[in-house]
Amino acid sequence: MTHVSTWRRFLIAISLLLLVPLLWPMANITLSPAVFTDTASVGSFEIDGNLVDDPAGEPIDWSTDPAGNTPHPGLTNRVDFVDGSGQGDDIFGQGTKELEPGGWRCVTGSAPQKDDILKGSVAVRGIGQKRFMYINFFRLGVQGDAHMDYEFNQSTEPNPACPALPKRTQDDVLIAFDTDFGGSVIQVRAFRWVGDSTSGDFIELPLGSKGVLWNAAVNIPNAIPGLAPGAFGEAAINLTDSSLQLLCPTTAYMKTRSSTAINSELKDRTAPQNVSFRDQPELANAQKSAFGVFVSALGTASTQVNVSTSQHGVGSARQEDSLLTLTDPITGGGIVRADVVVASSESTITDSPAEARHTSIAEVANLNILNGQITADTVRAQATAIASGSASSFSSTGSAFKNLIVSGVAMNDVSPNTRVDLPAALYGPGSYVLLYERAGATSTPAPGQIQGGTFTAQLTVNMIHVFVTDSLPLVAGNQPVEVIVSNAVAETDFPQTELCAIPPEQTVSGHGFVASAATDPSLVPTTVGFVSIPPNGGLDSQSLEQVQISGAVAAGASQSESSGTLTTDTSSAASFAQASGVCLLSSQTGCGISATLVKSKSNSAANATGAASDANGTEFLGLVVQGTPVSAAPNPNTVVELPGIGFVILNEQFCDNQGTLSRNCSDGIVSGHAGLTVRAIRLFVTAPNNPLGLKTGQVIVAESHSDATFRR
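FYI, the numbering for the sequence shown is 49 to 760, going by my numbering.
It cannot be assumed that every hint is accurate.
Claimed, not checked - Pairs of lysine to aspartate or glutamate residues, derived as EDC-like cross-links and limited to a Cα-Cα distance of at most 16 Å, are as follows: (1) 167 <-> 228; (2) 162 <-> 137; (3) 145 <-> 313; (4) 145 <-> 228; (5) 145 <-> 249; (6) 450 <-> 387; (7) 162 <-> 193; (8) 167 <-> 138; (9) 178 <-> 289; (10) 162 <-> 244; (11) 450 <-> 330; (12) 258 <-> 289; (13) 162 <-> 313; (14) 450 <-> 425; (15) 167 <-> 137.
What the hints assert, rightly or not - Each pair of labels, with its calculated beta carbon distance range: (16) 121 <-> 379: 19 to 27 Å; (17) 246 <-> 366: 52 to 60 Å; (18) 398 <-> 521: 37 to 45 Å; (19) 247 <-> 211: 40 to 48 Å; (20) 362 <-> 583: 24 to 32 Å; (21) 347 <-> 734: 40 to 48 Å; (22) 381 <-> 692: 33 to 41 Å; (23) 362 <-> 732: 55 to 63 Å; (24) 550 <-> 247: 27 to 35 Å; (25) 382 <-> 674: 20 to 28 Å; (26) 322 <-> 293: 18 to 26 Å; (27) 478 <-> 121: 16 to 24 Å.
These aren't lab readings, by the way, just hints derived from the structure by calculation.
If you're wondering where the values come from, they're calculated on a predicted model, not measured in any experiment.
Heads up, the beta-carbon is just placed ideally off N, CA and C, and yes, glycines get one too.
Can you make the complete structure from the sequences, with help from the hints?
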C-alpha cells in the first residue's frame with residue numbers, strides 16, 4: 049500500500065507541474081519559493097519550522113533564541129540526541145531492514161548525507177489533562193527527502209544482533225517523520241510493534257487529522273542561523289486524543305530509513321537515551337516559622353523570639369534567634385518567664401533527592417506560667433513537612449516535655465491535643481490548657497490525575513496553649529489571657545512528577561500507643577504515647593521515660609512509632625509500641641501481670657501483585673501472669689483466665705476486612721488491601737467485686753496497627 053500511495057502522489061505532483069505553465073498566463077501571478085510551515089497550535093507549540101519562541105509565551109517553541117542555544121524552560125521533560133558524522137559514525141550495515149531486528153548489522157562508517165542525523169530532540173508536556181509529544185531533527189544534507197524514525201522501547205536489555213540498541217518487544221512504539229518532493233508533503237505516522245526481538249510487523253496507528261491531533265513543518269524557508277533549508281523538521285502529536293498509546297518507554301533513539309516505506313533499508317542511528325519525566329524542584333516551595341512565647345493580655349499581644357524562612361526553588365534558607373532570659377513584657381513576668389529560649393527555621397529544596405523540606409524548632413528552658421500553675425524544665429516543639437513529586441508527609445518527632453507539671457500534677461505522658469482544665473476560681477470558668485497541640489494535613493493530586501497536581505504538607509505544633517477567661521476574677525469584667533509556648537510551623541509543596549499512566553490508588557495508615565485504659569464508663573478512655581500517620585505516609589514517634597495510668601497500668605521507659613511510604617510500585621507501613629517494666633493488677637503483694645519488656649509490631653505492604661501483613665518483630669521478655677512464666681512467644685490470641693477478676697489476651701492479632709492470619713491478612717474482602725492490629729497485652733476486668741478492688745473495663749498495653757492499599 050505504501051508503494052502505491054507514493055506512486056500516486058508522484059503522478060499528482062508531475063501533473064501539477066505540467067499544468068502550471070498552462071495556468072500561469074491566465075492567472076497573471078508571480079511564483080515565490082514554497083513555504084512549508086503550519087502555525088496551527090497542536091499542544092500549544094509553534095510548529096513553524098524554526099526554534100525560537102516568537103512571540104514569547106504560549107504557544108512555546110524549542111528555544112528562547114533563534115539559534116537554539118537556550119532550551120525553552122517550558123520543556124522540562126526533554127531528551128536531546130547528538131550524533132557523529134563521517135567515517136566514525138555509528139550506522140546500520142548494508143541490508144539492515146526495519147522489520148527484521150534479529151538481522152540488524154550495527155557498524156561504524158558514514159551514512160548518506162541526506163540520512164545523516166546530526167542531532168534531535170523528544171519532549172513531552174502536559175497541558176491540563178492532555179499530554180503532547182514534540183520531536184525534531186537536524187540532518188547533514190538536504191539533497192533528498194528526510195525519513196526519520198523515533199523508536200520508543202520498553203526493554204533495557206540489548207538487541208542480541210545490535211547490542212548498542214535496546215531489544216525490541218511487543219507494543220514498542222515508532223514515530224516516523226517523512227518528507228517527500230522536497231518537503232512539500234510531510235507525513236507523521238505512528239506504529240505499534242507486533243512481534244518479538246527478531247521479527248514482526250509495525251501496525252500503523254491512525255493519528256487523526258493534521259492540524260488537529262498532529263502537526264509538522266520543515267525549515268523552508270530557513271530561519272535558523274547556519275542551517276540549510278530542509279535540514280530541520282519538527283512535529284507535535286496529541287498523545288491523549290490520538291490512538292497512540294505510548295505507555296512507559298524506558299529508552300528512545302533516532303534512526304533514518306532510505307525511503308518512506310517502513311521496511312526500507314536503515315541508515316544512521318543515534319545512541320539510545322533514557323526517557324523519564326523529570327522532577328521539578330525549581331517550582332517547589334518550603335516555608336514557615338517558629339517562636340518561643342506568645343502572650344495576649346490586657347489588650348496587648350507580644351511574640352518573643354520569632355523566626356521565619358522561605359525557599360522557592362533549589363537552595364536553602366535558615367534563621368535562628370535566642371534569648372538568655374525571658375519575661376513577658378505585658379506584666380513583667382507575671383504571666384510567663386523562662387531562662388533560655390531558642391527558635392530556628394530552615395527551608396531547604398534539593399535536586400537529589402528531589403524534595404522540599406522545612407523544619408521549625410522552638411525550645412524553652414525553665415518555664416513558669418501563671419506564677420507556677422504550669423512549669424517545665426524543657427518544652428520543645430519540632431515541626432517537619434516534606435513534599436516530593438510523588439508523596440508528602442509531616443512529623444512532629446522531636447517535640448517533648450521534661451518535668452512538666454500542671455496544677456501540681458506531673459504530666460510525664462502527654463498525648464497530642466491533651467486538654468487540662470484550670471481552676472475556675474483562679475482563672476474563670478472554662479479556662480484550660482492544651483498540651484502538645486498538633487494539627488497537620490497533606491494533600492495529593494486527584495485520583496487518576498497524571499500531571500499538573502501538587503503534593504503538599506503542613507503542620508503546626510503548639511506545645512503549651514493556655515486559654516484563661518478571666519485572669520482577675522475579683523475585678524469586674526473579664527480579663528482574658530492567651531499564652532502559647534514553643535510554636536513550630538512547617539509547610540511544603542512540590543509539583544507532581546508526571547506519570548506515563550493513570551496511577552494506582554495508594555494509601556497507608558498506621559497508629560500505635562503504649563497503653564490505654566477504659567475502666568470508668570463516665571470518663572473517656574485514657575491513652576498514652578499515641579502516634580499516627582496520614583494516608584500519604586510519614587513518620588510519628590514518642591519516647592516516654594515512664595507510663596502511669598492510675599489503677600490500671602504502670603511501666604518504665606516506653607516508645608511508640610508509626611511510619612509509612614508510598615512509591616510508584618509499593619505502599620508500605622509499619623508501627624510498633626513497646627514498654628519496659630510493665631505492671632498490671634497491682635496489689636500490696638506485687639504485680640498480677642508483669643513483664644521485663646513487651647513489644648507489638650505490625651507490618652503491611654501492597655503492590656500490583658497483592659497485599660499482606662505480618663507481626664514480625666513482636667516480642668515478650670520476662671512475661672509472668674499470676675506467678676506463671678509465659679513463653680517468650682505466646683501464640684496469637686492466647687487467652688489466660690484470671691479467676692475472680694476476668695481474663696487477659698496475650699499477643700492479640702486480627703486482620704482488617706475479615707482477612708485471616710494464616711494468609712497474612714491477604715484474603716480480606718477489600719481487594720488490594722491488607723491491615724493488621726497487634727496488641728501485646730489486653731486485660732479485661734469483668735468481675736465487679738474483685739479482690740483487687742479494680743473497676744470493670746479493659747486495659748491495653750502496646751498496640752500497633754498498619755495497613756496498606758494498592759489498587760489499579
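These are the hints, each one checked on the structure:
1. A distance of roughly 21 Å separates the Cα atoms of residue 167 and residue 228; the hinted pair therefore is violated under the 16 Å criterion.
2. For a cut-off of 16 Å, the pair hint linking residue 162 to residue 137 stands: about 14 Å separates their Cα positions.
3. About 5 Å separates the Cα atoms of residue 145 and residue 313, which keeps this hinted pair within 16 Å; it holds.
4. For the given pair, residue 145 sits about 20 Å from residue 228 by alpha-carbon distance, which is inconsistent with the 16 Å threshold.
5. For the hint linking residue 145 to residue 249, the alpha-carbon distance of about 11 Å falls within 16 Å, and the restraint holds.
6. Of the supplied pair hints, the one linking residue 450 and residue 387 holds, its CA atoms being roughly 15 Å apart against a limit of 16 Å.
7. Using a Cα cut-off of 16 Å, the hinted pair residue 162 and residue 193 holds, with the two alpha carbons roughly 7 Å apart.
8. Distance hint between residue 167 and residue 138 is fulfilled; the C-alpha atoms sit about 13 Å from each other, no more than 16 Å.
9. With a C-alpha separation of about 8 Å, the suggested pair residue 178 and residue 289 falls inside the 16 Å cut-off, and the hint holds.
10. With a C-alpha separation of about 30 Å, the suggested pair residue 162 and residue 244 falls outside the 16 Å cut-off, and the hint is violated.
11. Of the supplied pair hints, the one linking residue 450 and residue 330 is violated, its CA atoms being roughly 40 Å apart against a limit of 16 Å.
12. Restraint check: the Cα-Cα separation between residue 258 and residue 289 comes to about 13 Å, which is no more than 16 Å; the hinted pair holds.
13. For the hint linking residue 162 to residue 313, the alpha-carbon distance of about 14 Å falls within 16 Å, and the restraint holds.
14. With a C-alpha separation of about 5 Å, the suggested pair residue 450 and residue 425 falls inside the 16 Å cut-off, and the hint holds.
15. At most 16 Å may separate the alpha-carbon atoms for a hinted pair to count; residue 167 and residue 137 meet this at roughly 13 Å.
16. Taking 19 to 27 Å as the suggested C-beta distance range, the pair residue 121 and residue 379 does not conform, at roughly 55 Å.
17. At roughly 59 Å, the beta-carbon separation of residue 246 and residue 366 lies within the given 52 to 60 Å, and the hint holds.
18. Between residue 398 and residue 521 the Cβ separation comes to about 54 Å, which falls outside the hinted range of 37 to 45 Å.
19. Range check, residue 247 to residue 211: about 18 Å between beta-carbon atoms, so the 40 to 48 Å window is missed.
20. Judged by the Cβ atoms, the range 24 to 32 Å given for residue 362 and residue 583 holds: they are separated by roughly 28 Å.
21. Restraint check, residue 347 to residue 734: a C-beta distance of roughly 57 Å breaks the suggested window 40 to 48 Å.
22. Checked against the hint of 33 to 41 Å, the C-beta distance between residue 381 and residue 692 comes to roughly 56 Å, which is inconsistent with it.
23. For residue 362 paired with residue 732, a C-beta distance near 56 Å keeps the hint of 55 to 63 Å intact.
24. Checking the proposed 27 to 35 Å range against residue 550 and residue 247 shows it holds: the Cβ atoms sit about 33 Å from each other.
25. Against the hinted window of 20 to 28 Å, the Cβ-Cβ separation of residue 382 and residue 674 comes to about 54 Å, which falls outside the hint.
26. About 20 Å separates the C-beta atoms of residue 322 and residue 293, a value consistent with the hinted range of 18 to 26 Å.
27. Between residue 478 and residue 121 the beta carbons are some 56 Å apart, a value that contradicts the proposed interval 16 to 24 Å.
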